[in-house]
Amino acid sequence: MNFSESFKLSGLLCKFSPDGKYLASCVQYRLVIRDGKTLQILQLYTCLDQIQHIEWSADSLFILCAMYRRGLVQVWSLEQPEWHCKIDEGSAGLVASCWSPDGRHILNTTEFHLRITVWSLCTKSVSYIKYPKACQQGITFTRDGRYLALAERRDCRDYVSIFVCSDWQLLRHFDTDTQDLTGIEWAPNGCVLAAWDTCLEYKILLYSLDGRLLSAYCAYEWSLGIKSVAWSPSSQFLAIGSYDGKVRLLNHVTWKMITEFGHPAAINNPKTVVYKEAEKISQLGLGHLSFPPPRAVTGALSTSESKCKQLCLPWEKSYEIASGPVVLQTLKPVADRANPRKGVGMLAFSSDSYFLATRNDNVPNAVWVWDIQKLKLFVVLEHLSPVRSFQWDPQQPRLAICTGGSKVYLWSPAGCVSVQVPGEGDFPVLGLCWHLSGDSLALLSKDHFCLCFLETKEGAGAACGQRDGHA
Amino acid sequence: MGDWMTVTDPSLCAESKNLSQYTSETKMSPSSLYSQQVFCSSVPSSKHVHGVFSAFCTEENIEQSISYLDQELTTFGFPSLYEESKSKETKRELNIVVVLNCMNELLVLQRKNLLAQESVETQNLKLGSDMDHLQSCYTKLKEQLETSRREMIGLQERDRQLQVKNRNLLQLLRNEKDEVSLPFVAMDVLNYVGRADGKRGSWRTDKTEARNEDEMYKTLLNDYEYRQKQILMENAELKKVLQQMKKEMISLLSPQKKKPRERADDGTGAVVISDIEDDAGEPSRESGWGLSCDTVREQLTNSIRKQWRILKSHVEKLDNQVSKVHVEGLDEDVISRQDHEQETEKLELEIQQCKEMIRAQQQLLQQQLATTCDDDTTSLLRDCYLLEEKERLKEEWSLFKEQKKNFERERRSFTEAAIRLGLERKAFEEERASWLKQQFLNMTTFDPHNSENVKLLSAFSGSSDPDNLIVHSRPRQKKPHGVANGMPACTSKLTKSLPASPSTSDICQTRSCVSEHRSSINALNITPEETKPNEAGRECTNQKWSLVSRPSSREGCYSGCSSTYTKPHVERDDLP
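If you read the sequences in order, they're chains V and G.
Everything in the first sequence is counted per our numbering, starting at 1 for the first residue and increasing by one.
Everything in the second sequence is counted per our numbering, starting at 1001 for the first residue and increasing by one.
Everything labelled a hint here was simulated from the structure, so no lab data went into it.
Please note: incorrect hints may appear among the correct ones.
Simulated crosslink set (DMTMM-like; lysine to aspartate or glutamate; CA at most 20 Å straight-line) [stated by the list, open to error]:
(1) 1199/G <-> 1209/G
(2) 1199/G <-> 244/V
(3) 124/V <-> 1176/G
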């Protein structure tokens, strides 16, 4: 495993281009475009104010920088560095900006969600979409980029509009039977739209592309409901995390529940492996016996030491397998406050749909990994501090986790490992971002970022000529 | 109105004026009231006029009447009725001619007045009707005015509304214009770029709408088709599995065919056979099961159900049989269990050994890895260690060889001694036999002292023979766990080979100690000093083992778990 040197960053704004060729990062009002592999600076763009949001176009040819405070969006082209585009929303204000899937239109949401302006980079045409709803997830595009579903609110009722992205023509418009629609999301196959209600009511509705209601699901009543929703990449399952600390899996044939995954703090099943982060890290010394990771892990995680920074990294044995029944650290949520810290708030399927990673917010230090083939709990990873975020490798079942500490944790079915981010001083990892190939991982802290290379041995040898730690 | 004006006669007007003048003047006269009455009534009827006349002039007042008339007439412009006289004193004379003229004149006037009256009356009527007509006209017009006024108000309202609307539209237009103009101001692009697909944008028309619909339904259809295909495939797989299961069941149950046939009294047996025969023929028929889904499915499930029932009953029968057998052959079972337990014990031992071995290997590997990870100095150090260890091992080897030689020698001497002993024993047996014979012969003469002697002798021989003792103690001794197979024999040999052992009872104590502690090889440390060279190597390795096992017991429980989990299984398989 290799680490690049750390570079400056602001606002956790660091993104790989969709084709993986470039890496964009922001430092105050500057946008830096680097090579995705060598990290050489390719372009430097200066915006009019501090950048608050960046997004690559789907074809990786353009990048937009939004400055919400100024109501400005600036677009840059990688092919023509001299090309520029500035969109000023003026007095209407700006709260969100995103690309349309064709990479030639920009959707700007004005303040108070009065409307969405669709700006074209190809023609002078400007379209408006009225009554967008201010909610958790009100805009969703199908994966093939053909359709846009938009949550709307007019006359105190919720609606969903489906637009054809090629000409922004309204395809379907229907009202949803919800109290206060909170989010919508397309299934990866683009044929089913999931719409869920406010957390005050457990309700999820499934609509076909043509606006027909396929099914409605309600697990229970009179209690806080849905907290998070995720489709499996195969579109076969819809995982719904709720405030009762359970994940319910719906199937795509009958839209009924297949199973529910509870998140109890006590784990009694001996078949479930519980990895615990060790309290202290033993110092590397002469008498120190460093135990190599199991062979399987070595294969999966390509253990190699960094020579780029002339730093010898020992394999920290920071995970221990807890034996016997394990009780995880729990947090007592404050009952009289809004958005209590309980329930399943984070959900993610692995890219091959075989695993589901979850976090129960009142057991914040743990990540549960479920085996979707067996519909069973597979592994629990407990850390010393609350898990900030996790993300699956886009290529294989490999999960990267960060807890705001200076370590990055990786799990794969073969085992798990944690690595200290090298360098002078602390590097609190607040965010993660996988490269498309799964070969590298961008680690983001408050004001720096660095890349963690997980290349295969051949690749690693070619790139930096590092020495393999455990030949 | 103009018509009406033309109708009036100006002379009549003057007449009426004159009349009014006249009347006004008559009022001033002394008998004005009276005259007025006369005047008023004089017009309607002429008869009355006569009567009035008679009343006006009587015999007595001729003079006054004449003068009154004269006065009146003169005021109207008639010539005086009297003759003009030269002197004032003379009485004035009535002039008849003048009177007559006046009368004529008055009559003419009267006639004229009547005519005028008539015309005035007709005029009046005419005017009255005119008046009526005009009044009706007036009301009509008034109504018209009212309606038109209302209409006007309505129109005004509409006008106002339209104006408001117009104003609003203008405002909207202005807003739209503003909005439209705002974006163009807001977007600042160097040049517009081409579309991602390289095509030109198209207008939104009904056609595009239809096309969008088409495409939507196409994607939906594709999705459904894909899902249907998947479901069909899954179905086919499941059917295959079912078919396979059925076949296997049939093949499994077919050997049972004969048995039920023999048991003719069993009613179900016949049915079972027929079912099996039926089903055996089915697969060939069901080659095209994909076509008629429902019927095939039914057939399949039915046959499977049948087979299952048969299998179930069969298993139940078997169960019954087994329970019978179990009751009958309990003894054999017990024996086998003992064997089994022994076997498992043995296997457990082996597992433990293997585990220790693995642990040691792991430890060594780890040490090696640790050292390779480090710099050259560590590798050097490791080399030193290796050399040292090699030396030590060599030494141990030589020691061991020596020991072995000693053993061999001792064994040889021991076997010789054993042979000798055997011979001696034979001699002794013979001797005893002869002695017994003698004793038997001397039975009649019993000597108690003699017998005591014999007892002592036998006791002595027992104590002098350690082998016997060990043989006695062996059954009491439990087999220590974790000891290699050769160990107990070894210890027995050792004790035998100790000529200078303090006493047999002492040895017994150490042996029991060994068995009680079950501490495997470590217990050998208590063996007397003579064994030390022999045991040195063993003890050393022993210590090493315990050394190794300490860290590995700690580390073996994390990430290395996979290897510790799987390896023992693999190695156990290799063992006999």
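Comparing the hints with the structure gives:
no.	hint	in the structure
1	1199/G <-> 1209/G	holds, 18 Å
2	1199/G <-> 244/V	violated, 51 Å
3	124/V <-> 1176/G	holds, 16 Å
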